[in-house]
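Put together the whole structure using the sequences plus the hints.
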Amino acid sequence: MNPFAYARATNLEDACQKMKAGALLKAGGIDLLGRMKRGTLHPELLVDLGSLDKMEGIDDLEGDAANQAGWDLGALLKLADLAAVDATTHPALAGLREAALNTATPQIRNRATLAGNLLQSPRCWYLHDPEVPCESKGGQGCPAMTGRNEHHAILGYDSCPVTNASNLAPVLCALDARLVYRTVEGKQEEERLHVLYTAPGKKTGFSTHRVPEGAIVTAIRIPRRDLVTAHVEIRHKKSYDWPLCSAAVALRLQEGKIAEIHCFLGSVAPTPHRARFAEGLLMGKKPGQEAFAKAAARELTQAKPLSEGAYKAKMSQLCLTRALEEAWKRAKENQR
Amino acid sequence: MTATIRMTVNGKPVVLDINPDEMLADVLRERLGLLGTKIGCREGECGACTVLLEGQPVVSCLLPALKANDRSVVTVEGLGPPQDPHPVQEKMALMGASQCGYCSPGFVMSAAALLDENASPSVEEIKEAITGNLCRCTGYAKIILAIREAARAKSH
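Line by line, the protein sequences are chains A and B.
For the first sequence, the tail end lands on 336 under my numbering, and the numbers increase by one without skipping.
For the second sequence, the tail end lands on 1156 under my numbering, and the numbers increase by one without skipping.
Because the hints were derived from the structure by calculation, they are not lab data.
Keep in mind that this is a model prediction, so the values were computed, not measured.
Wrong hints could be hidden among the right ones.
[To be verified] Cut-off 20 angstroms, straight-line C-alpha distance, at most; resulting in silico cross-link-like pairs (EDC-like, lysine to aspartate or glutamate):
1) A/K238 x B/D1084
2) A/K54 x B/D1070
3) A/K238 x B/E1043
4) A/K37 x B/D1021
5) A/K20 x A/E213
6) A/K237 x B/E1124
7) A/K203 x A/E135
8) A/K18 x B/D1021
9) A/K304 x A/E213
10) A/K314 x A/E290
11) A/K203 x A/D158
Dropping the structure here:
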């Protein structure tokens, strides 16, 4: 790791000024320090946001009975705190809690932050190896295309088949969460999380998101709480690992039919993959196991796995089916 | 560029001039001679370097020492001296829950933090609490038994 200087941000403007001078932001530092230790990132100055404690909580948004408002989750909220939310009183957060609880290890969840999890570098063993050139690191071509690619994308990739590594992103996308950020000009803006994610490629400068340069994420806004969520994942290891596949579903039932549904798949694409076909097949329909299985199967017919990724299409289909079943079950319980 | 940090380590105030790129694990071992904290992977995977920061288990290899400024740190040395060990230390030693011993301090810290929050954890809760610690010798069964026994001993 290169030697670096370190500064604590006294406020967001201070952090912003230091970033203009070339500093990288540090929150929990889990992804950042890993990349610095591997030698793929060499910042000379880190600016630490950790002491801005107003960004660590869960705040209720103001709403009324007809328009149930949701929550603002602080950008620096620890995953351990998210894993401890009371999902029995808030079924909208049940899937989020599950996703947080399965992330990394207890020690890491005590330090890792929500925004850091959402904007961590994507998964690809070639990308994180400083010895292996690839176009994302300024070299040529993609070694995964012809090399080992069992953990790579099967959907939505162009020339760079990384997978989005955030375990929380699919369920937050399903909840239509917004990223609230402060721009370099000091303005507060918000944008849908699933719109901000982008597949890396030449056009995007190999970035995985469209958060403007120099902006600082301050909160993750869940606009409402009338959806029921579920998160299902399959992984090799219970701990310190990413899922092989995951699926998140948020839905609302009305008079026995699916009045609203949002499905996102994790670990299969450079962004959380919106399962539009499945959503379309289920919207307005009566829920049931057969309909779920059919919708999930339809979604994965578009998969384009690389040489070692065919298993992921089947596994992702299974995750989606199970997440739909679990969300349905919870929606029924919630109605009682 | 060095910076001065003030922290409490095992109950004692410590003032140190450190470099910003020094991780807490190295500061504990090399500056303070607290060699009980082990370094395995340096990537947060193995948990050998687990210490308590404000009572919570964290991996000290991924924690810049600057982040411990104004905070309390407890290492395995701080849990209990050999003549008066913490119940987790005592039971792990007595019940053969340690073979090569390299991972043991990390397990002790995760287990001690668990028992501080949950006086009578289930086996599942014990397993969850130690998911961030790797052991390549014992196969975990004896570690889990020792933590369960420590919980019993501690609550009596």
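Hint check:
1. A/K238 x B/D1084: Roughly 35 angstroms separates the two Cα atoms, so the pair is violated.
2. A/K54 x B/D1070: holds (18 angstroms)
3. A/K238 x B/E1043: Cα-Cα ~17 angstroms, so holds.
4. A/K37 x B/D1021: Measuring from Cα to Cα gives roughly 11 angstroms; hence the hint holds.
5. A/K20 x A/E213: Measuring from Cα to Cα gives roughly 10 angstroms; hence the hint holds.
6. A/K237 x B/E1124: Holds, because 16 angstroms separates the two Cα atoms, which is no more than 20 angstroms.
7. A/K203 x A/E135: Holds. A/K203 to A/E135 sits at ~12 angstroms (cutoff 20 angstroms).
8. A/K18 x B/D1021: At roughly 18 angstroms apart (the allowed maximum being 20 angstroms), B/D1021 and A/K18 satisfy the hint.
9. A/K304 x A/E213: violated (32 angstroms)
10. A/K314 x A/E290: This hinted pair holds, its Cα atoms lying about 16 angstroms apart.
11. A/K203 x A/D158: holds (11 angstroms)
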